[in-house]
Amino acid sequence: MKTVLVTGASRGIGAAIARTFASKGFHTVITCAHSEKALFDLKAELEQDFQAACTAIVCDMSDYPAVEQLFSKIPAPDILINNAGCSYFGLLSDMNPEDWQRVIGTNLNACFYTCKLAIPAMVQKKEGRILNISSVWGAAGASMEVAYSASKGAINAFTKALAKELAPSNIQVNALAPGLIDTAMNSHLTAEDLNALKAEIPADRCGTPEEIADLAWQVVHAPTYMTGQIITIDGGWT
1 MKTVLVTGAS RGIGAAIART FASKGFHTVI TCAHSEKALF DLKAELEQDF
51 QAACTAIVCD MSDYPAVEQL FSKIPAPDIL INNAGCSYFG LLSDMNPEDW
101 QRVIGTNLNA CFYTCKLAIP AMVQKKEGRI LNISSVWGAA GASMEVAYSA
151 SKGAINAFTK ALAKELAPSN IQVNALAPGL IDTAMNSHLT AEDLNALKAE
201 IPADRCGTPE EIADLAWQVV HAPTYMTGQI ITIDGGWT
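Here the working numbering is used: the first residue of the sequence shown is 1, the next is one more, and so on.
Honestly, the hints are just simulated from the structure, not real lab data.
Take these hints with a grain of salt, some might be off.
Claimed, not checked - As a list, the in silico DSS-like pairs of lysine-lysine whose alpha-carbon atoms are at most 30 Å apart:
{"hint": "1", "residue 1": "K160", "residue 2": "K24"}
{"hint": "2", "residue 1": "K73", "residue 2": "K2"}
{"hint": "3", "residue 1": "K126", "residue 2": "K160"}
{"hint": "4", "residue 1": "K24", "residue 2": "K116"}
{"hint": "5", "residue 1": "K126", "residue 2": "K24"}
{"hint": "6", "residue 1": "K73", "residue 2": "K125"}
{"hint": "7", "residue 1": "K116", "residue 2": "K2"}
{"hint": "8", "residue 1": "K125", "residue 2": "K24"}
{"hint": "9", "residue 1": "K24", "residue 2": "K2"}
{"hint": "10", "residue 1": "K125", "residue 2": "K2"}
{"hint": "11", "residue 1": "K164", "residue 2": "K125"}
{"hint": "12", "residue 1": "K160", "residue 2": "K116"}
{"hint": "13", "residue 1": "K160", "residue 2": "K125"}
{"hint": "14", "residue 1": "K126", "residue 2": "K164"}
{"hint": "15", "residue 1": "K116", "residue 2": "K73"}
{"hint": "16", "residue 1": "K164", "residue 2": "K2"}
{"hint": "17", "residue 1": "K37", "residue 2": "K2"}
{"hint": "18", "residue 1": "K37", "residue 2": "K24"}
{"hint": "19", "residue 1": "K37", "residue 2": "K116"}
{"hint": "20", "residue 1": "K73", "residue 2": "K37"}
{"hint": "21", "residue 1": "K164", "residue 2": "K116"}
{"hint": "22", "residue 1": "K24", "residue 2": "K73"}
{"hint": "23", "residue 1": "K126", "residue 2": "K116"}
{"hint": "24", "residue 1": "K2", "residue 2": "K126"}
{"hint": "25", "residue 1": "K73", "residue 2": "K126"}
{"hint": "26", "residue 1": "K2", "residue 2": "K160"}
All of these numbers come straight from a predicted model, not from anything done at the bench.
Input sequences plus hints: build the corresponding full structure.
Pasting the structure below:
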């Protein structure tokens, strides 16, 4: 049985990805930093609905010793999906260094930690898949979300560089860059703001976590020659 590690899986995109992989028979390892009840509710759901092997671990992915401990408890993942993320909405001049470090730690440093720990086993097997969840703001940048945009831009560069490093070992590294997705991360938006954003999107709607999960499944099962790509899914927005 193959193992997939999905970080930030208690809700939204991460939970949808976990459901997709569990439904396909993967041993699904799911993590979150704070929403313990939601995480273990998801574990119970996956076990009941799909008779899937599921391991749920509360872990702050921005804390390297905690991530090391996580990897000591699970099988080496065949597929790593770096979805853990957080945002900060507000003017950069109002942002304190602690908030900056929180965003960069969760969105970028965590990706380094998991990749560092997952890669050796993948190299040994000459097989593996890494998928990072980025954002359209990683390329375009979003006003009032400078730290988030910076972290996702870094994820794009990280993905392209790591793909080149690991291609000789038959390890595929790609990223998804979703646009406006119907998740709790966008709960700070007013109905007026949300409608204004939708009006800019040719598809005239938000995307769904399930659509991102479907694409994640397709990408990690694509030919390994497709690597180092930042794949946008945004309804034609950008």
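Cross-check of the supplied hints:
no., hint, in the structure
1, K160 / K24, "holds (28 Å)"
2, K73 / K2, "holds (16 Å)"
3, K126 / K160, "holds (19 Å)"
4, K24 / K116, "holds (26 Å)"
5, K126 / K24, "holds (23 Å)"
6, K73 / K125, "holds (20 Å)"
7, K116 / K2, "holds (19 Å)"
8, K125 / K24, "holds (22 Å)"
9, K24 / K2, "holds (10 Å)"
10, K125 / K2, "holds (13 Å)"
11, K164 / K125, "holds (18 Å)"
12, K160 / K116, "holds (16 Å)"
13, K160 / K125, "holds (22 Å)"
14, K126 / K164, "holds (15 Å)"
15, K116 / K73, "holds (16 Å)"
16, K164 / K2, "holds (24 Å)"
17, K37 / K2, "holds (26 Å)"
18, K37 / K24, "holds (24 Å)"
19, K37 / K116, "holds (29 Å)"
20, K73 / K37, "holds (20 Å)"
21, K164 / K116, "holds (15 Å)"
22, K24 / K73, "holds (23 Å)"
23, K126 / K116, "holds (16 Å)"
24, K2 / K126, "holds (15 Å)"
25, K73 / K126, "holds (22 Å)"
26, K2 / K160, "holds (25 Å)"
The structure fails none of the hints (numbered hints given earlier).
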